[in-house]
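> Protein chains in written order, with the working numbering: chain A, 413 to 718; chain B, 6 to 255.
Keep in mind the hints are simulated off the structure, nothing from the lab.
Incorrect hints may have been included.
[Unchecked claim] Which chain A residues face chain B? A few, computed with CB under 10 Å, are given here:
(1) His-478
(2) Ser-531
(3) Asp-532
(4) Arg-533
(5) Thr-683
(6) Glu-711
Where a beta carbon is used, it is the ideal one built from N, C-alpha and C, also for glycine.
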Amino acid sequence: YTSSLKYQGESHHSIYNWMDSLVTEYPNLVSKEHIGLTYENHAMYVLKFSTGGSSRPAIWIDAGIHAREWVSSATAVWTANKIATDYGHDSSLTSLLNKMDIYLMIVTNPDGYVYTHTSDRMWRKTRSVNPGSMCRGVDPNRNWDAGFGGPGASSNPCSDSYHGPYAHSEVEVKNVVNFIQSHGQFKSFISIHAYSQLLMYPYGYTCTNVPDQAELDSVGRSAVNALSSLYGTQYKVGNICRIIYQASGGSIDWSYDIGIKYSFAFELRDTGRYGFLLPASQIIPTASETWLALKHIMEHVRDNAY
Amino acid sequence: MPVEELDPSHYPATRAAKVAEHFINTRYGSPFAWFGSSGVKKAGLEDMGVLGTKYHIEFTLKEMTRNVKSSVILYDMGLCSAEVLFHRADERKPPQVQCTCSGAFQVNTSAEEEDLYQRLRNATSLLSGNSVGHIDPEMAPFWHLGGVASSFIMLRESNESTLLNMAHIDNFTQMTKDAQLMFQYDILLHDMVSQEILKWKLLLSWSPDGGVKVLEAEWDPKCRSCERAHLTVTTGIAAEQEMKGDNNNV
Chain A
413 YTSSLKYQGE SHHSIYNWMD SLVTEYPNLV SKEHIGLTYE NHAMYVLKFS
463 TGGSSRPAIW IDAGIHAREW VSSATAVWTA NKIATDYGHD SSLTSLLNKM
513 DIYLMIVTNP DGYVYTHTSD RMWRKTRSVN PGSMCRGVDP NRNWDAGFGG
563 PGASSNPCSD SYHGPYAHSE VEVKNVVNFI QSHGQFKSFI SIHAYSQLLM
613 YPYGYTCTNV PDQAELDSVG RSAVNALSSL YGTQYKVGNI CRIIYQASGG
663 SIDWSYDIGI KYSFAFELRD TGRYGFLLPA SQIIPTASET WLALKHIMEH
713 VRDNAY
Chain B
6 MPVEELDPSH YPATRAAKVA EHFINTRYGS PFAWFGSSGV KKAGLEDMGV
56 LGTKYHIEFT LKEMTRNVKS SVILYDMGLC SAEVLFHRAD ERKPPQVQCT
106 CSGAFQVNTS AEEEDLYQRL RNATSLLSGN SVGHIDPEMA PFWHLGGVAS
156 SFIMLRESNE STLLNMAHID NFTQMTKDAQ LMFQYDILLH DMVSQEILKW
206 KLLLSWSPDG GVKVLEAEWD PKCRSCERAH LTVTTGIAAE QEMKGDNNNV
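Excised from the complex, chain B in its bound form (with noise of 0.2 Å):
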């Protein structure tokens, strides 16, 4: 099929770069990496007919936790290209991820993880958290792991009338010191096209092994007739999913 030269500036481009985006968190991310775009380079549209709509993009790929004062120079980690392939909306699937970046863009973070992961395995209590606003700079990893973790909800819930972004962790709560670390978030996510807040409870576990991994999450919808208003100004999402086990959808 041709690809239809887009507008690297315009809201499909910067769509399809978010959802790249939240895929490589969940491929790469962890409370010491987690991954941003500062706009997308070129961008490429490609018609798949019954498959759907796949965009070609390049994009620079940003770490966010490294500079984290007044500056926005995030950590530069290149370039990536990607595929993202939109199904059609009334199939409500997930869209599909393709991405490779150029040079050294996974960070070493063994050390940081395998201390953090030690710290909490050996505690004497479990940890947990909320934030009005402030987040206290030991907190950090755990804002960066309910990120990432948002990322697994936010590619799933993706589609083309969609830019998600993770507004704000509510609290999170560790459940476990088990070699798999387990913790419960709850999150707000913005929705940036429909200006939707939009609040997710999610179990994860992370291990520097293991990485991230989403077991379940649950939407609270503001209100009964809410619902109606996420559904009628996004597309293709269903009212009430719950994931379990297996994160893999791409």
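Chain A on its own, in the form it takes in the complex (with noise of 0.2 Å):
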């Protein structure tokens, strides 16, 4: 069913029908829940792995989230097909999944990744309208309740980094908020960005360490030494605010804040030869070496209970 995903920059109607095939193909496995409407009444979706049990702890993989970081969604896309596919034969996988669940939105902001469709590659925001201005969207990154309103991201409707009228006002992220908040089991939360090539935890909104600062520390460079074992792709670890910027309104921030402890971020290739427009012969390279920090965050989070 993946052969005939070309994975990079397909419309999300392709991505959504390929969802529904996976769920068809292994359906003791997957399933597909609606968390919710885009503002403008797109579905939102979330692939659900599990494999029985009820309120079982989980993981949040959220991608796509900036409409214009292709290589984020298509990266989901690959990771939802292997975490199917290798169930039942990765030992370490299949013991992680008859523990635990993972849930993994592949376009957590359909509305601006249809934009970069249609209209504007570079789109990054939501695409609300903002009363009183010529310009759309909120960036969702800076649209949490976490320092919300804080250095590290801008008033101004028009700049790509507006962080919205309040915390929470962009319905992309309050369907997220409520879904998590819900289901009150979640024990990481991960988010897929690009570009830059690092792995990060929080905080983005204060360069204070968290309590769990060497922990998360020590999880993200493990990760990030197993990706690097597959073609040598250098990441940097840290947090967000010392290794990138300080920037007010962050999900990290916010899953950490309401005590989801193992809360990181990656930003996929690369350091900015191609930025946002990562070649498609980068894609499942990409993927198979991030699945592997994935994988090792997954299996702390599964031997490290709390």
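With the hints in hand, could you dock these two chains into one complex?
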């Protein structure tokens, strides 16, 4: 089924169709949940990988929250297929899924993703209308309730880092917040972005270390070692505020502050040579190496229940 | 002044290294030589008082056009040592860079350059191109040329609160077949810090002997009210600058 997908720049319709075919092919493992509608009334779906139980501890992975970061969603498609095909064959993944559920949101900002196809390949934000402004959209990764409105986010609706009128103003963000809070059993929250080749943990809104700094740093470094082992890709590890910039209202700061300890953000390939326009030939290598890091983090979560 | 050691993986070192990359491209870049860096090895910060802030960095230089397949192992050009001086933000002066690189970092591209140059000089028509994401391999030298030319702008527009990369070439047009070939480029830059996309129009010249020179450059704000968005997030940049004549600002 995945051979029918070119991975890169697929329309969200074909991604949604492919998700349905994955569910059909692996009905005992994969299901699709509808978590709400976007501003423009597109469905927001998350794939759930579960071998049963009820209220199992769970891992959240989201991709494509920033519309122009296409390699993020492409990596998520490959990853979904990898999880489905490796269950029952890879002992580590199998033991993980026998204890925990994995939720994977492939297109977290469908409105923006569509816009990168129809109008502006470099669009980043949501597509909500900002009253009184000609400029649309809010940066969905400055809109979370974590230091909201602080440094590293703009109050100008025309800015690509506009934080929005208030925290969780964007329905796309609110839908995820509601889902995570009502589920109540998430132990890890991982957000996938591009580009810069970074694996980061909280905080972005302040440069103060989180209490779990040492553990998150150690897990991050081991994850990156695993990633590098495949093609030699170099990643940097650290908290958002020191590695890239101080940025308020970010998702993994929010998830950490509500008690989800294993909160991480990836910035995938590359470091600027292609930037957002990473060639299709690099998708599978990117997804394959990232999988090794994701697996390491998930194994640590599995083995360190809290 | 004492030099305070910096963590080479933190953003102050990363931003300084990006400025040094742009500087190297303005000096040594060509359609067949486009440079990037792959990580800072050592970094230090020197407070220069009224002069500004100087970064001392050592980083690995990469040439970015040679390994264009799926591998990220770019062509290693060895170590470079650079001093990057950011003037005080209120002075709105571009950073000043001094850089020395080890060994044979200057790629020998004279044969390819001469070949391309002669083809363009002798062609019956003027070349132009645009890309909708996909770059035809034959057009690759023009993508690299755009990247090198963008470095002139990015060098000038950089400060301690920017991290600039070329995001996209919308189109380019060859303007002349004279000894100094001239091209007009419509380019998008990306600033990682503000996350803004910056639209620039460049007029550049290239010849194997003369290298790459940017003759004129104009910023195109995305909308009137966006001008202010650009200014509020990034500091020290004048709204509409035009660069004429000499691009030597360091």
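> For which of the previously enumerated hints does the structure constitute a violation, in increasing order of number?
Of the numbered hints, 2 and 6 do not hold.
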